[in-house]
Structures are given as C-alpha cells and as structure tokens.
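Trainee: Same order as they appear, the protein sequences are chains Y and V.
Residues in the first sequence are numbered from 1 upward in steps of one, following our numbering.
Residues in the second sequence are numbered from 1 upward in steps of one, following our numbering.
Treat the hints as calculated values from the structure; they're not laboratory data.
Think of the CB as a built atom: it goes at the ideal place given N, C-alpha and C, for glycine as much as any other residue.
One or more hints might be untrue.
[What the hints assert, rightly or not] Just a few of them, taken from the derived set where beta-carbon distance is under 8 Å, the chain Y residues facing chain V:
no.	residue
1	I38
2	V91
3	V92
4	M99
5	E110
6	G114
7	V115
8	V140
9	A236
10	Y280
11	I285
12	F288
13	I289
[What the hints assert, rightly or not] Derived pair list, reagent style EDC-like, types lysine to aspartate or glutamate, alpha-carbon separation capped at 20 Å:
no.	chain 1	residue 1	chain 2	residue 2
14	Y	K170	Y	D183
15	Y	K143	Y	E131
16	V	K324	Y	E110
17	V	K324	Y	E224
18	V	K37	V	E317
19	V	K324	V	E39
20	V	K50	V	E39
21	Y	K170	Y	E186
22	V	K37	Y	E224
23	V	K18	Y	D85
24	V	K37	Y	E110
25	V	K50	V	E317
26	V	K293	V	E15
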Amino acid sequence: MEMLFSYGTLMAGITLTVPILLAALGGMFADQANLFNIALESFMLLGAFFAVVGSFLGASPWLGFLMAGLAGILIALVFGVLVIDYRANTVVVGIALNMSAWGMTSLLLELFFGVRGFLIDPRIVSFPNLELPIIKMIPVLGKILSGHNLFVYITIIIVVSVYIITYQSKFGLRIRALGQNPDSLETAGLSIRRYRYLAVVINGFLCGIAGASLTLSGLSMFSENMSAGKGFIALAAVLLARGKPTLIILASIFFGYAEGVSIKLQGFGLPHQLILMTPYIITIIFLFIGTRKKHARIGG
Amino acid sequence: MIIVKKVVKNQLLLEFIKYFIALFLGIIIGAILIILKGENPLVAYYMLFKGALGSRAALAQTLRWTTPAILTGLATAIGFRIGVFNLGVEGQLYIGALIAAIVGYAVPFANRVHAIVALLLGSLAGGLYALLPAILWMRYRINEIVNTLMLNYVAYLLTEYITRHFLMENSVSAVPKQIVSPEIANSAKLPLLMPPYQANIGFIVAIILALVLSYLFFRTSTGYTLNIIGQNPSFASYGGVNVRRLGTVAFIVSGMIGGLTGALEILGVHHQFAANFSVNLGFDGVLIALLAKTNPLGIIVVGFFWGILKNGALAMERMTSANKIVIQVVQALFVLFLTVDTGVVKQLLAKRVAWTKGVHKDGDAI
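Required output: the full structure, derived from the provided sequences and hints.
Mentor: Shown next as structure tokens:
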C-alpha cells in the first residue's frame, strides 16, 4: 500500500503523465473541431521517431523536439485534408493512419539506421534532468518539484499556455466556439474550415511532441510501435474532459499515475494488468454518468 | 431511361477505376519503399504472389490467413449495415479465444463434440462481451465507437491477467517468458484442410457464414429491415420496427462472430492462448468490411486478397531483403486513397453524360 504513494511511484507517475497529457491536449483541439480523432496514436508514433532522427542528426534534443512537432503537423494535415476537405470517415482514416504510421516508422528506421525493431545509440541525446536552484531546498516539496527531466517543465509551460490561450485569447474563444456552436463563427464572418485546420495543426504539433517525450526524456531510444496504446489513453482523457483543459490535466495525471503504480506492481509480480485497465473502465463509466446527467437535465 | 442506365454503368466503372487507382497508388508507394531498401520491387512482388499462391503449402497458409480476415470483416460488416461502428471485434476476438482455450484444455471430452462446444462457447463469450457496448448504444445512446475501443484494451489486459495468474502454471511456451495457457486437448483441435499445413476447417466455416449472411442481407426481409435501420433509424421505427431490439441483436451477433474468430484461431492454429497473440486482426476487419462495402461475398474476395498479402508478405521477407511491413503500409494507403470522396469526379461524369445527351438541367441525369 505504501508503495502506491512512494517517492519513486510519484516520480514515475509524473514522467508517465507527460506524453498522455500532451497528446490529450492535442486531441482536445481536434475534439473542439468536432473531429473524432483515433489517429492520435499515429501522430505520437511519428513524433517519437522523428524526435530520435532530429536528436541524432543535430546532436541536440531541441532539434528532435522541433522535428517531432513538424512530423506531427505533417501527418495531422494528411488527416485534415482527408476528413475536412474530402469528407472521409474519421474512424476509417484513423485506423489506416495508425497502421501506416506503424509501418512507415519501422521502414524508415531500417532505411535511416539499418536496424529493425529498435534503435539505441549514444548519439541520440535526451533532454537533461533539471535541478531547480532554490525550490529544491524546500523540504518534501522540493524533492517532488525539482530534479525532473526538462521535458516535464516544458510540458508545464505548454499546459499553462494552452490554458491561457483557451480562456484568455480571441483565438481560444473561437476554438471553443468551434466546438460549441460552429455556426457562430460563420456569423462572425470567419471561416469554419480555416479554424478546423488550425485545430488539426495544433493537434498534430502537440501529439508530435508527446511522441518526442517518449524518446527524449531520458530513454534515448526508439522501438517499433512504441506509442503502444498511449494515444488511446489520451483519447480517453479527451472524451472525459470534452474541451475543458482542467479536466484533461486531471484525467491525464490520474492515468499517468495509474501507469506508474502498475509498473511498480509488476516489479513485485502483482497483477498490474488490473491497474492498467482503470483508464478504459473509468472512461466508460464516466461517459455513462455524463450522458445520464445530460438526459436528466433535459428531462427536468 | 437510357441515360439512367448509362450513369449506373458509368458509376460501376467509376467505382472500379477508383479501386484500381487507390490500389495502384498504394503499390507504387510500396515499390518506392522497396527500391529505397535496394531491392527490385518487381522481384519482391513476384515473390509475394509466388509465396502466397505458388504451391500447395503457400495456398494453405494463405487460406489460414484468409479465414480471420473474412470473419472479422463479416463481424464489422453486420455493424456497418445498421450504422453501428463495432471497433471492438479485436476485444471480442480475445475473449472468444481465451474461453475456447480454457474449454479446450480444462473440460474433458472424448470426441469432436469438444471442438464444437469450445467454438460455441467462444463465440458466445464474444457476443456477451459486445453486450455492454450494445446496450449502452441502443438504450442510452452512448457512443459505441468509444466504448468498443476502450473495451479492446480491457480485453487485452483481462485475458493477460487471467492467463498469467490462473492458467499459466502447467503451460509450456516455445517463446521464453511468454504468457500462455496450457495446450488444448487433441479432441478440441480442428481438422486440417491440407495437412500438415495450418489451413483448417475454419476456412469452410468462414465461407458458409459469408454465404448465410449474404442470403440474410439480400434475400430476406430481416436484411431489408437492417438496411433501413442503417439508412434511417427513425423511418424504420416509424414503420413499426423495434430498432432497439434488432440493433442490439445485430450488435451481439457481430460480437459473436468476433468471438468465433478468436476461438477458431486458437483451436485451429495456435492450440493455446498466448497474451497479445493477435495483432490487429480486428482492425483489419474494419478495413476489409469497408473495401467490400459490407457485401459478404465481396468480403470473401477482399479477405482472400488480404490473406494473399499477409502470407505473401512473409514469403517476400524470407526471399528478398524487403521488409514485410511494406505490405501493411500498402494496405493502409490503399484504404486511405479510397476514402477520398470522388464527389467531384462523379459530378463531372454526370455532367458529361448529360452533355452528350443534350440534357442540361440538374437532376435529370440521375
């Protein structure tokens, strides 16, 4: 029981929250554009791969970060063109994209690096761990807040920015309008199509760097299909939160923490599978409760 | 009247061209990927087809992969017919596979009844696993896509948990550290079609099921009703159809076919349940159902094509330096190109037909 709240579990939970949180924030934008995007997984995987490529080529995690974001945007645009302009079914496109991203990254891995399955190379540079100067002196809290990978702090900055943009900027207002009442954009003389594309691009960027966080926050390696369902956990967070960044953050932290706990349990040979199930079961339960409430409101 | 005929004929042709172009583009991109690897794509593709159809062994192995392709395609297609996206075939397949494996080794039977019981219970389990999303969708209108997707992961983890903690003690695995159940009894193993190769009676089951569903869809009033539900549920409801009940039943049947697929995989091929044994068979079903436009006979054709690609890809990888995953990319691109709405092309074509017949007014041509 005590290991559920141990320091190690907490740190692992924070690290595991990062990719889910970034991808879920990205997914939130697609959700706002009324696009049911199950391709988050493929955006992440592509990001994870190109993060490694960038870091390898430039010997800098920042180049990896940038390339991951761009790769995410690129595949998101493919998604966007197909579902926005060609009105293709988002689910079908999502499945096909997930399949092709898995295949493409494995093939490119073989082409660029001449290896199959996975790549470990000292030339892949991760972001460093960061000791926060004054904060780390604070008892207890200092130990929790300081000493994480730089990616954790980047994520915090991104989350805060997304929050501010969503609620304080004109752009955020329009994106929210896109989710709640797209016609109001049209009335205001704005192009719905343009804002849907913008939402998709942001989605791609955030999922791309979510992928980078898998490869560049200390692990410094890429393995085939390494996103392994994280995109779907992020999707669960998106569906629970329905456009509210605060809920996205809470859900992602919970899911990331559950994963951290399950890894600890696995170490002790305990049934970690049951813990890993919680994100999916919770999503089903909450969607049920949410829908019941809505019905009750309409009824009353 | 002549114009109508011409347009219909042209639309069939258009469909054909659309499929051809999509597949062609996929194959070209696949070829580029193979060239980049320094291999001749013609040789690679030749090896693929030779490896899939070139010998008795090759054909048997292709039929082995055709079986789950047809079945998962059918499972998804039933949902599509009534406008339900059952993305949970993968999960239903896992549950069916686990139950079949348990019945296969733990329940003592002396004869072939064993296999039949295991198959039935496996598909029943798959159907039960679809019950929750079916009720949530039909009764409470909670998005079935989300629930079935989430339940896939629950199924992966649940089957792994049960196998690891309750079944694994007496089992032997070829791969070290793999989580597997004990091997099933001989009485539960399915007869092979071309011994010693893996193709088994499951292929016949898949074909019969496709024929039955084809009859159901196109020759019975139930099939007609299902179609109406898919196109316009309120209209069907207005016409006196119990949409909710029929929809739930169809959803569960879809899950049962998913469970049957898993049971056949275990009893026919693997002979023991292994955690994470099927990679994406369920999702292949979605693409297959879509490519075949939910027509069961079309699913046989596309399923066979899928079997050729799946088995051929392995042969291609053995015989050349090309990676088998190229074929997965080709399959995915084929579907992606096909999803591009050809509305623009259709309009052009209709206009052209109208033009040649001297008819201009909108709507006259169709």
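Trainee: Each hint should be assessed against the structure and marked as holding or not.
Mentor: Quick rundown of the hints versus the structure:
Against a cut-off of 8 Å between C-beta atoms, the interface hint on Y:I38 holds, since the closest Cβ of chain V lies about 7 Å away. The interface hint given for Y:V91 is met, as the beta carbon of that residue sits about 6 Å from the closest beta carbon of chain V, less than 8 Å. At a threshold of 8 Å, the smallest CB-CB gap from Y:V92 to chain V is about 6 Å, leaving the interface hint in force. About 4 Å separates the beta-carbon of Y:M99 from the nearest beta-carbon of chain V, less than 8 Å, and the hint is met.
Annotation: interface hint on Y:E110 holds; nearest CB of chain V at approximately 6 Å, less than 8 Å. This hint is violated: Y:G114 has a C-beta 10 Å from the nearest C-beta of chain V, more than the 8 Å allowed. At its closest, the beta carbon of Y:V115 sits 12 Å from a beta carbon of chain V; the interface hint therefore is violated under the 8 Å criterion. Given hint, Y:V140 at the interface with chain V, is violated; its Cβ is 34 Å from that chain's nearest Cβ, farther than 8 Å.
A distance limit of 8 Å between C-beta atoms decides the matter here; for Y:A236 the minimum to chain V is near 6 Å, and the interface restraint holds. Annotation: Y:Y280 was flagged as interfacial toward chain V, and the flag holds, the nearest CB pair being 4 Å apart, inside 8 Å. Taking 8 Å as the C-beta cut-off, the interface hint given for Y:I285 is violated, the closest approach to chain V being about 10 Å. About 6 Å separates the beta-carbon of Y:F288 from the nearest beta-carbon of chain V, less than 8 Å, and the hint is met.
A hinted interface residue such as Y:I289 counts as satisfied when its beta carbon comes closer than 8 Å to some beta carbon of chain V; here the least separation is about 10 Å, so the hint is violated. A C-alpha spacing of about 17 Å is found between Y:K170 and Y:D183, which places the hinted pair at or below 20 Å, so the restraint holds. With a C-alpha separation of about 10 Å, the suggested pairing of Y:K143 with Y:E131 holds against the 20 Å cut-off. Straight-line distance between C-alpha atoms of V:K324 and Y:E110 comes to about 12 Å, which keeps the hinted pair within the 20 Å bound.
This hinted pair checks out: V:K324 and Y:E224 have alpha carbons roughly 14 Å apart, not beyond 20 Å. Taking the CA atoms of V:K37 and V:E317, the gap is near 12 Å; set against the 20 Å cutoff, the hint holds. At most 20 Å may separate the alpha-carbon atoms for a hinted pair to count; V:K324 and V:E39 meet this at roughly 13 Å. With a C-alpha separation of about 17 Å, the suggested pair V:K50 and V:E39 falls inside the 20 Å cut-off, and the hint holds.
This hinted pair checks out: Y:K170 and Y:E186 have alpha carbons roughly 15 Å apart, not beyond 20 Å. Between the alpha carbons of V:K37 and Y:E224 the distance comes to roughly 18 Å, so the proposed pair stays at or under 20 Å and holds. Straight-line distance between C-alpha atoms of V:K18 and Y:D85 comes to about 18 Å, which keeps the hinted pair within the 20 Å bound. Of the supplied pair hints, the one linking V:K37 and Y:E110 holds, its CA atoms being roughly 8 Å apart against a limit of 20 Å.
A threshold of 20 Å between alpha carbons decides the hint, and for V:K50 with V:E317 the separation of about 12 Å falls inside it, so the pair holds. This hinted pair checks out: V:K293 and V:E15 have alpha carbons roughly 11 Å apart, not beyond 20 Å.
Hint check: violations occur at hints 6, 7, 8, 11 and 13; the rest are consistent with the structure.
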